Amino acid sequence: MSRRERPSPQIVDGKRVLGIVPGTPAVGDRKVPASDDLVMTSPHLLVRHAVAAIFVLLIVLALALFFDAPLKDIADPTNTPNPEKAPWYFAALQELLALFHPQVAGVLVPTAILIGLVALPYIDRSPRMGSGTRKVAVTTFTVFLVLWIILTIIGFAFRGPNWDWVWPWEEWHGEL
Amino acid sequence: MDRIRSSTIGRSLFRSPDRATERDRAAGHWANFFLHIYPVKVRREELTFRYSAFLGVASLVLFGSLVVSGIYLMFFYVPSPASAYGDINTIQNDVAFGQYIRNVHRWSAHLMVLTVAAHMARVFYRGAYKSPREFNWVIGVVLLALTLLMSFTGYLLPWDQLAFWAVTVGTSMADFVPFVGDATRTVLLGGGDVGSATLLRFYVLHVAVLPTAITLVVTIHLWRWRKDSMLEQGGDQ
Numbered sequence: 001m002s003r004r005e006r007p008s009p010q011i012v013d014g015k016r017v018l019g020i021v022p023g024t025p026a027v028g029d030r031k032v033p034a035s036d037d038l039v040m041t042s043p044h045l046l047v048r049h050a051v052a053a054i055f056v057l058l059i060v061l062a063l064a065l066f067f068d069a070p071l072k073d074i075a076d077p078t079n080t081p082n083p084e085k086a087p088w089y090f091a092a093l094q095e096l097l098a099l100f101h102p103q104v105a106g107v108l109v110p111t112a113i114l115i116g117l118v119a120l121p122y123i124d125r126s127p128r129m130g131s132g133t134r135k136v137a138v139t140t141f142t143v144f145l146v147l148w149i150i151l152t153i154i155g156f157a158f159r160g161p162n163w164d165w166v167w168p169w170e171e172w173h174g175e176l
Numbered sequence: 001m002d003r004i005r006s007s008t009i010g011r012s013l014f015r016s017p018d019r020a021t022e023r024d025r026a027a028g029h030w031a032n033f034f035l036h037i038y039p040v041k042v043r044r045e046e047l048t049f050r051y052s053a054f055l056g057v058a059s060l061v062l063f064g065s066l067v068v069s070g071i072y073l074m075f076f077y078v079p080s081p082a083s084a085y086g087d088i089n090t091i092q093n094d095v096a097f098g099q100y101i102r103n104v105h106r107w108s109a110h111l112m113v114l115t116v117a118a119h120m121a122r123v124f125y126r127g128a129y130k131s132p133r134e135f136n137w138v139i140g141v142v143l144l145a146l147t148l149l150m151s152f153t154g155y156l157l158p159w160d161q162l163a164f165w166a167v168t169v170g171t172s173m174a175d176f177v178p179f180v181g182d183a184t185r186t187v188l189l190g191g192g193d194v195g196s197a198t199l200l201r202f203y204v205l206h207v208a209v210l211p212t213a214i215t216l217v218v219t220i221h222l223w224r225w226r227k228d229s230m231l232e233q234g235g236d237q
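Protein chains in written order, with the working numbering: chain A, 1 to 176; chain B, 1 to 237.
By construction, these hints were calculated from the structure, which means they are not laboratory data. The structure presented is a predicted model; accordingly, all values stated were derived computationally and were not measured. There could be a bad hint or two in this list.
Unchecked claim - Chain A regions said to be covered by chain B (calculated; three or more residues, Cβ under 8 Å):
# : region
1 : 32 to 39
2 : 75 to 88
3 : 111 to 122
Unchecked claim - To list a few chain B residues with every Cβ distance to chain A over 10 Å, as calculated:
#  : residue
4  : I4
5  : M120
6  : V138
7  : W159
8  : V177
9  : R201
10 : L222
11 : L231
Stated by the list, open to error - Beyond 12 Å from chain A on every Cβ pair, some chain B residues (computed):
#  : residue
12 : T8
13 : F164
14 : V169
15 : V207
16 : V217
All C-beta atoms in this analysis are idealised placements derived from N, C-alpha and C, irrespective of residue type, glycine included.
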């Protein structure tokens, strides 16, 4: 082989190619990337986080463009509105208070939820991760989550004066 | 960009300007203040939408949006019953972009409660609270509580009927707590009822105490996330 024909080493994507061997690779045709393979955070994860951030900001900026924050009359301690509504994220709690004894709904349930959430990783010690392989934990959590969402929606949109049932399409009492 | 990085100023700025190999890029990652909250490498799975739905990032972005819009609103707001409501009116009608910034603040707050709760649910279904991440889940529960408190204290500040009575109802729930309920309520309200002391207390909690607490706890949350991630990869963390 003359000097002119020999390929010189060249830089390809940060690596120096020392030689190219014709034929198929010994391991297989192509490496199929597994989900456990490691990739560089920068740029692979960073780029996705940037897109997520822009997406979230766009949603906020658009919502703010079309829906104004509410401002009612000035606070008046002598004029109680009916219904009196807590912020929406406490609507489930307020609905519980209407359904059960206050000691149960206002004390027992919130305390149990908080302790339950904190204790969860210390109670559920099985190393299984996938949601299909831990039926008890997933079912319990889902039941509580769905119940909480239903109570929130009821408290937020289905309760009117004196905390009586109203259909939201007839009278709207929800406040954000 | 690479030419800028390898110039004299670039070298002083980035410290590890060469990015030819993966090792160079890892060194650059470690040398960057903003990147050091991230692990250098992540599993490919973590790049997908279905892994996290990017809800943690969304929560952090919303918190940032709340800080920025909140600081703007602070320039025009005095937390006293005599002026609070009028200040909100001024913000909405006379301050440049006042109404819009207030809307951004309000929507970011609502969405942050949603994304933090959804983040928690996603982490649960993925089973990501399991060893060695038990305590980071507990920190997450603390962050959920702080987010709710943050939202609740901010709810009072416009000092309109909605704010006043929502907080009255919210704090009256504390009455049912045995032994400490009354005391908690009195400390929170600065008296028996929602009044000027309550407004000042909620304001200080909302703009100073809780944001500092959230920042600190989020920092620990992210730091542990990185440590656990690198531990899982067999790192020497």
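We went through each hint and held it up to the structure:
no. : hint       : in the structure
1   : 32 to 39   : holds (count 7)
2   : 75 to 88   : holds (count 11)
3   : 111 to 122 : holds (count 6)
4   : I4         : holds (17 Å)
5   : M120       : violated (8 Å)
6   : V138       : violated (5 Å)
7   : W159       : violated (5 Å)
8   : V177       : violated (5 Å)
9   : R201       : holds (16 Å)
10  : L222       : holds (12 Å)
11  : L231       : holds (14 Å)
12  : T8         : holds (23 Å)
13  : F164       : violated (4 Å)
14  : V169       : violated (5 Å)
15  : V207       : holds (17 Å)
16  : V217       : holds (14 Å)
Of the numbered hints listed earlier, those contradicted by the structure are 5, 6, 7, 8, 13, 14.
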